[in-house]
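Student: Okay, here's what each chain looks like letter by letter:
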Amino acid sequence: KAGVTQTPRYLIKTRGQQVTLSCSPISGHRSVSWYQQTPGQGLQFLFEYFSETQRNKGNFPGRFSGRQFSNSRSEMNVSTLELGDSALYLCASSLAPSARTDTQYFGPGTRLTVL
Amino acid sequence: AQSVTQLDSQVPVFEEAPVELRCNYSSSVSVYLFWYVQYPNQGLQLLLKYLSGSTLVKGINGFEAEFNKSQTSFHLRKPSVHISDTAEYFCAVRLISNFGNEKLTFGTGTRLTIIP
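Protein chains in written order, with the numbering used here: chain A, 1 to 115; chain B, 1 to 116.
Keep in mind that a hint or two might mislead.
[Unchecked claim] Below are the DSBU-like pairs computed for lysine-lysine, each with C-alpha atoms no more than 35 Å apart in a straight line:
1) A:LYS57 x B:LYS58
2) B:LYS58 x A:LYS13
3) A:LYS13 x B:LYS69
4) B:LYS69 x B:LYS58
5) A:LYS57 x A:LYS13
6) B:LYS49 x B:LYS69
Since the hints were made in silico from the structure, they are not lab data.
Predicted model, so just to flag it, every value in this text is computed and none were measured.
Bound conformation, chain A alone (with noise of 0.2 Å):
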């Protein structure tokens, strides 16, 4: 069974210009979530979406935005990028949030360098 996929894996932006991530999940798998990695804060939690719908929200602000296709395929969005932003995006699905052993598996990330 196929892992979980994001494209592109590594992306050049300017500041103030916007950028879209895509995740492609596991096979089967209905709930994907999304996870900021910096060397300064480490593994941050952005946002989950299960059936189409975001249940689940970090604490960024809302430039960044996300959503999820009928597929389970989804996509993030960040709009006017700052420096900051310069990270590498996780993302991980899994079965569904309801299942009590639930267990995310991580995509291999995309890097964004924000220039």
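For this one, chain A is given, so just place chain B on it according to the hints.
Tutor: Leaving out everything else, chain B in the frame of chain A:
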């Protein structure tokens, strides 16, 4: 709210020596516990998890961890490390909730360096 503390940011260990990576958590409710490993330029890979049952959990690559409820700890161990174990290790907790599992909260990570 739950939190996770990984007491050591860096751990150097000689090859074939044992290693223990420490993780403590705080939570007012029951949690699920996880260890993930991240190799350079890669995402996170699940090493092992504690959901319920036996407090000694065995994972991939010869790693194991023991859940200690009284000490709120979930330390990761390996009896003999290999060069290929060089990576960053993250401990994570997730609340057990009646509303559906809550988000994962990660520790700050421990960089394990194996010395030949």
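Student: Evaluate each hint against the coordinates.
Tutor: Here is how each hint holds up against the structure:
1. Of the supplied pair hints, the one linking A:LYS57 and B:LYS58 holds, its CA atoms being roughly 32 Å apart against a limit of 35 Å.
2. Distance hint between B:LYS58 and A:LYS13 is unfulfilled; the C-alpha atoms sit about 42 Å from each other, more than 35 Å.
3. Between A:LYS13 and B:LYS69, the direct Cα distance comes to roughly 46 Å. Violation of the 35 Å bound is thereby established for this hinted pair.
4. Using a Cα cut-off of 35 Å, the hinted pair B:LYS69 and B:LYS58 holds, with the two alpha carbons roughly 17 Å apart.
5. For the proposed pair A:LYS57 and A:LYS13, the alpha carbon gap of about 25 Å is at most 35 Å, so the pair holds.
6. For the hint pairing B:LYS49 with B:LYS69, the CA-to-CA distance comes to about 15 Å; that is within 35 Å, so the pair holds.
The structure shown violates the earlier hints numbered 2 and 3.
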